[in-house]
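Colleague: Each chain, letter by letter, is given below.
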Amino acid sequence: DIDDVGHKYYLELELEDVLDKGRTVSCTAEVLYHLGSKSSAPDVQATVQGELRSTQEADQEFYNRIRSLEKELVAENIPDSHGNVPPELEPIHLLAWAASGYVIWQNSTENTKFHLAQVKHVKQVKRTDEDLQFDYVLLLHEMVSQEVAPWEVTVLWHPQRGARV
Amino acid sequence: MRLPVLLAALVAVATCTETFVGHQVLRVVPKSDEDLQKVQELQALEHLQLDFWLAPRGLGVPVDIRVPFPSVQPVKAHLEAAGVSYSIMIEDLQALVDEEQMEMLRSSRQLPLDTNTFNYASYHSLDEIYTFMDLLVAENPNLVSKLEIGRSTENRPLYVLKFSTGGTNRPAIWIDTGIHSREWVTQASGVWFAKKIVQDHANNEGVASILETMDIFLEIVTNPDGFAFTHTKNRLWRKTRSKHSGSICVGVDPNRNWDAGFGEAGASANPCTETYHGPYPNSEPEVKSIVDFVKSHGNIKAFISIHSYSQLLLYPYGYKTAPAPDQQELHELSAKAVAALSSLYGTKYTYGSIITTIYRASGGTIDWTYDQGIKYSFTFELRDTGRYGFLLPAKQIIPTAEETWLGLKVIMEHARDNMY
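For the protein sequence lines, the chains are A and B, in the order given.
Per the UniProt record's numbering, the first sequence starts with residue 1, numbered consecutively.
Per the UniProt record's numbering, the second sequence starts with residue 1, numbered consecutively.
Excised from the complex, chain A in its bound form (with noise of 0.2 Å):
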């Protein structure tokens, strides 16, 4: 507790690399969530300790995939009601996952718990610029309340870039 300020957690976590699963690193992280105010978002400092697996060639082929894309990619229900998401989709999910971690951020406080539910609908927007666009809906499910709410999202991603919300 810190008065007049808010309340501070310092974490040590360990992350697991889904797509490599047994990989494991571990992180420090400060969060300070603000007293009272609703509107603002939590400050996170976060240290990874190590280093996370190279993805530049994967990335590269997934750019490379789209750019070439005749037409503007367009799916929905990623997952599907059974869970499955088409190979081809996977990165367009996982992008997902990453968006909804900044709009997770910007919404949580002590008493939320959010994690993407479903990527309802995405379009792909083409760009005279080097990034790809990715209009997403995103349904967050919130555990405490139990609401699933729609986020309109849209995502700018490049390979060396990263991803921008």
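Everything labelled a hint here was simulated from the structure, so no lab data went into it.
Among the hints, erroneous ones may be present.
[Said to hold, decoys possible] What follows is a set of in silico ranges between Cβ atoms, one per label pair, in the way DEER data are often shown:
id : chain 1 : residue 1 : chain 2 : residue 2 : range
1  : B       : LEU344    : A       : VAL144    : 51 to 57 Å
2  : B       : GLU402    : A       : ASP17     : 24 to 30 Å
3  : B       : ALA55     : A       : ASN107    : 28 to 34 Å
4  : B       : GLU402    : A       : GLY50     : 33 to 39 Å
5  : A       : GLU110    : B       : ASN234    : 26 to 32 Å
[Said to hold, decoys possible] Examples of chain A residues lying across from chain B (beta carbon under 10 Å, computed):
id : residue
6  : GLN60
7  : PRO79
8  : HIS115
9  : VAL148
Where a beta carbon is used, it is the ideal one built from N, C-alpha and C, also for glycine.
Starting from the known structure of chain A, fit chain B onto it as the hints suggest.
Modeller: What follows is chain B alone, placed relative to chain A:
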């Protein structure tokens, strides 16, 4: 997408003579003229018997190659030696073909002929599950019977399977799945549990010894209206489908509608929310029918309500912070059950009272059953912890059911050995 068409063709072939055991489908995306050349070299090597699903067309465009098992190593060596990167799109083509074949059989509206050909590794519709129940009863008339304990808001029958080797009103165990309709892995697990009980009994192992002195009641689709809705309109529907006057919003949270701290903090009075407790306790027929059943049976010793997701094992209370009088015993029993569950696939569970482990929740099922005197009242929250959440891939159904069953057995055996 091309894949299903190709697979369908393969299935047609596979049902004749050819097998694709060990075949892999590799993807190469040539990034340079050298890469392209190396791939084209492969095309010329006829003895490898390569089948190009996507022939080389240019730089940056994927080349997909089906590689028969004997050629897998040589092809990979050829690519690796030349520094051409590839990815494995399909690790075992036969497995995929088999899956697709089963899928096609299912989707061609062929109902299973018996519970041995029923596909436990996929999600089913309400009709398919109700058919399964009838098949199970027909195959095992001396062990299994189907009871209708009431009707849902939309007048669907509420069915409970009774597993009994005889006696009159024996002490009993109650298990329900699917009270929240979007938690699909629970109904699917319930179906698996039903078959498992029958198998154990036939082989005189597992729960066969429990069935010597106790009955098991299993309600697989506790919220059929909600379940039908998740198939037709909204996969993420949670509540019942009741309409109570004064609101345009539909549905009551059946796990806030019980008469235990009803309406207190931990539920919502707003009909448009997911945790709406309803106008009064037991307003929902899905809940009332169980209440009536439990009261008139009078001899239920363990009550387990199954949900997903979060990987938790919970005991009362949710509506108050005061610990349950049997807290210590329930806590120790939870530890044992979780250890048994984890022993199978290493799945990690957390356990404790509802209020200390997840959140305050009032009007909940097991708070009511516990206050009725059913000491062994538990709630499971099954896989996973959020990666897929409610949309758990079908291939996780059986592993989830198998590990959960080990935890359930610990609770059932404890109830049998600690009669009260």
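Colleague: Is the hinted range of 28 to 34 Å satisfied by the C-beta distance from B/ALA55 to A/ASN107?
Modeller: Once the Cβ atoms are compared, 48 Å apart, the range 28 to 34 Å for A/ASN107 and B/ALA55 is violated.
Colleague: Taking the Cβ atom of B/GLU402 and the Cβ atom of A/GLY50, is their distance within the range 33 to 39 Å?
Modeller: 35 Å, holds
Colleague: Can A/VAL148 be said to touch chain B, with a Cβ gap under 10 Å?
Modeller: 5 Å, holds
Colleague: B/LEU344 and A/VAL144, beta-carbon distance inside 51 to 57 Å?
Modeller: Roughly 30 Å apart at Cβ, these two residues miss the hinted range, so it is violated.
Colleague: Taking 26 to 32 Å as the hint, is the beta-carbon distance of A/GLU110 and B/ASN234 inside that range?
Modeller: At 30 Å between Cβs, range holds.
Colleague: The hint names A/GLN60 as touching chain B; please verify it with the least Cβ-Cβ distance against 10 Å.
Modeller: 8 Å, holds
Colleague: Under the criterion of a CB-CB separation shorter than 10 Å, is A/HIS115 in contact with chain B as hinted?
Modeller: 4 Å, holds
Colleague: Would you settle whether the hint for A/PRO79 is holds or violated, based on the nearest Cβ-Cβ distance to chain B being less than 10 Å?
Modeller: 5 Å, holds
Colleague: For the pair B/GLU402 and A/ASP17, does the Cβ-Cβ distance stay inside 24 to 30 Å?
Modeller: 26 Å, holds
Hints 1, 3, counting from the list given before, are not met by this structure.
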